[in-house]
Amino acid sequence: MSSLALMRWLEGRPERYDSGMRALTCGRIGPLHAAVAEAAVRNAGDQVLEIGCGTGSVTVLLRARGAKVTAIDQAPEMLEQARLRLADDDAVAWVEQTAAEIDRLPTSRFDAVVICLCLSDMSPSERAFVLREAVLRLAPGGRVVAADEVRPKGWRGWLQRIWRIPQAALGWLLVGSLSRPIRDLAGELQAAGLRVSDSRTWLLGTLELTVAEPEP
Amino acid sequence: MSRSPAGRVQDWLLEFLQTAFRLFPWPTEAGLRSIGTPDESSPVLLTCNYDLTVRRLVAALAGCDVWLVVAPTAGINVWCAAAGGHMSSHQIVSALKTSGVAERVRHRNVILPQLAATGVLALEVFRRCRWRVRFGPVDANDLPAYLASGEKTDAMRRVRFSLRDRLEMAASWAAPTALVLGGGAFFIRPEWALPLTGLVVAMAVLLFSVYDRLGPRRKAIFTLGAGVGSVAATWLAGGAAAALATAAIAAFFVSALLTYDYTGSTPIEGGSHFEERRWTITFDLERCDGVFRCWEVCPEACFEKLESERKVALAHDERCIRCGACVVQCPQDALFFEDEAGARIEPDVIRKYKLNLLGKRSVEAQ
Numbered sequence: 001m002s003s004l005a006l007m008r009w010l011e012g013r014p015e016r017y018d019s020g021m022r023a024l025t026c027g028r029i030g031p032l033h034a035a036v037a038e039a040a041v042r043n044a045g046d047q048v049l050e051i052g053c054g055t056g057s058v059t060v061l062l063r064a065r066g067a068k069v070t071a072i073d074q075a076p077e078m079l080e081q082a083r084l085r086l087a088d089d090d091a092v093a094w095v096e097q098t099a100a101e102i103d104r105l106p107t108s109r110f111d112a113v114v115i116c117l118c119l120s121d122m123s124p125s126e127r128a129f130v131l132r133e134a135v136l137r138l139a140p141g142g143r144v145v146a147a148d149e150v151r152p153k154g155w156r157g158w159l160q161r162i163w164r165i166p167q168a169a170l171g172w173l174l175v176g177s178l179s180r181p182i183r184d185l186a187g188e189l190q191a192a193g194l195r196v197s198d199s200r201t202w203l204l205g206t207l208e209l210t211v212a213e214p215e216p
Numbered sequence: 217m218s219r220s221p222a223g224r225v226q227d228w229l230l231e232f233l234q235t236a237f238r239l240f241p242w243p244t245e246a247g248l249r250s251i252g253t254p255d256e257s258s259p260v261l262l263t264c265n266y267d268l269t270v271r272r273l274v275a276a277l278a279g280c281d282v283w284l285v286v287a288p289t290a291g292i293n294v295w296c297a298a299a300g301g302h303m304s305s306h307q308i309v310s311a312l313k314t315s316g317v318a319e320r321v322r323h324r325n326v327i328l329p330q331l332a333a334t335g336v337l338a339l340e341v342f343r344r345c346r347w348r349v350r351f352g353p354v355d356a357n358d359l360p361a362y363l364a365s366g367e368k369t370d371a372m373r374r375v376r377f378s379l380r381d382r383l384e385m386a387a388s389w390a391a392p393t394a395l396v397l398g399g400g401a402f403f404i405r406p407e408w409a410l411p412l413t414g415l416v417v418a419m420a421v422l423l424f425s426v427y428d429r430l431g432p433r434r435k436a437i438f439t440l441g442a443g444v445g446s447v448a449a450t451w452l453a454g455g456a457a458a459a460l461a462t463a464a465i466a467a468f469f470v471s472a473l474l475t476y477d478y479t480g481s482t483p484i485e486g487g488s489h490f491e492e493r494r495w496t497i498t499f500d501l502e503r504c505d506g507v508f509r510c511w512e513v514c515p516e517a518c519f520e521k522l523e524s525e526r527k528v529a530l531a532h533d534e535r536c537i538r539c540g541a542c543v544v545q546c547p548q549d550a551l552f553f554e555d556e557a558g559a560r561i562e563p564d565v566i567r568k569y570k571l572n573l574l575g576k577r578s579v580e581a582q
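Protein chains in written order, with my numbering: chain B, 1 to 216; chain S, 217 to 582.
For the record, the hints were derived by calculation from the structure and aren't laboratory data. Just so it is clear, the structure is predicted and the values come from calculations on it, not from any experiment. Any given hint could be a false lead.
Straight-line Cα separation of at most 16 Å, EDC-like style, residue types lysine to aspartate or glutamate; simulated pairs [as the list claims (entries may be wrong)]:
1. S/368 to S/358
2. S/568 to B/96
3. S/368 to S/549
4. S/568 to B/46
5. S/527 to S/502
6. B/68 to B/46
7. S/527 to S/549
8. S/568 to B/77
9. B/153 to B/184
All chains, full assembly: derive it from the sequences and hints.
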């Protein structure tokens, strides 16, 4: 199943985003977020950059593990929802900007860069740029934690294609757009100079979490 | 290299499909393209990643040497993407930074379509990535003349809505409406499918031909006219009482679907399914210092320059469709949306939430 077909519709309605995403992923979004936070934070006090924080679902989990978070998102409505969730938390810096503007952030080194359900919204050239920039901003021993909708190989991929037809039609009618699953998440991370150290999937291989570290 | 006959048929089919179903997104690959043989001083243009737009733009630029940055706007055209938040300063900054165009040219000047001005804040783009935004002509066909002269004439500034534009818009509303009504009828009463489809096409062409000449009660007048016309045509064809009633009901439904809401898809009027029709553009003359950005970006040429006083005048507010481009671009914050009671929507709120009054989002945000 594709988790992101109605993403745009949900993005336009931040207050419904979390419940909508839970429904679209048959509840797998929760375990995915937990796994992302677990992979990103090794020690309390770790500096984590979260690209595309949305309504702050992952940010909350990163904070629960003691990370200091720089959370960026280009949608002011989503950031407002996230801020409400973590009001008065000084260990989170909220920044309204695009992923391509990582170079403008005051913090230059991060123990982890988290990109959850955000890469598939970008064009291939944006993804390549953002991943390259993310690698440059990793502290020694740091890692990129990327989770997104992907296109599984074999019959699962065909099942996903078929399933997406009605979803795509509905998505277009409702909001006029939808995201595309990433064909080779690990390959794109490798192209940015990263080595995959861990990978997990959910929902017949359509949701993937990949942890990658810079090549030595 | 010229296209093969098969390639030309493919192009024609794509053009037809994309025109008929232009209400839906048709994404094309975002990124940097070269047209002709551009070098490090060639102009940089930027547009949306709506396939029809990009193909027409490339065709219009034949013979020019330019760089074209295609921004990821969710496969939506410039006007809709800019008004709906898919073509904002963020998408422009991201496209300029990630496309690699900065490594290809020495300058940092980018030309955007004028109709992007409702969503893209030129000053914000400069602040974030040091690229200077200029808003070029409304119509891509004017680009060669604009690039050659560097001047945007009055005609290049205004949306024209020519007969061709009208017919394309008629097709884009008729195709999905006919598909729903004609397709639905095919399964219930197959003999109704063709007449209904014909009715939809005829009414759409008629609607876009005369709509702006019907005055403020245009929806009611058009519906009444379509109903009377359909009944008369059915009567002339020898229809019985039941057929006359059916024609009247069909005309009413088709009219309701076609005139439901354009949300800015024509320069005739803005969207109508929001309660803020009473919001109008107003401006603080004291703040205006004659930068003339509003005059430059207004697609309806509502403003006039008062050169001697270095001010603008809102000379044609009756033409305003409340796209908000002037409010968004004014560096002096001299323009607002204001209601009859004097309540204002401040420019920064409009910029932040893409709060133009073409869409219904204004209702929620307020």
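Going through the hints against the structure:
1. S/368 to S/358: holds (9 Å)
2. S/568 to B/96: Cα-Cα ~11 Å, so holds.
3. S/368 to S/549: violated (24 Å)
4. S/568 to B/46: Answer violated: residue 568 of chain S to residue 46 of chain B is near 32 Å, above 16 Å.
5. S/527 to S/502: Holds: residue 527 of chain S and residue 502 of chain S sit about 9 Å apart, inside 16 Å.
6. B/68 to B/46: With a Cα-Cα distance of about 6 Å, the restraint between residue 68 of chain B and residue 46 of chain B holds, given a limit of 16 Å.
7. S/527 to S/549: Holds: residue 527 of chain S and residue 549 of chain S sit about 14 Å apart, inside 16 Å.
8. S/568 to B/77: Distance ~9 Å between residue 568 of chain S and residue 77 of chain B Cα, so the pair holds.
9. B/153 to B/184: holds (10 Å)
Hints 3 and 4, counting from the list given before, are not met by this structure.
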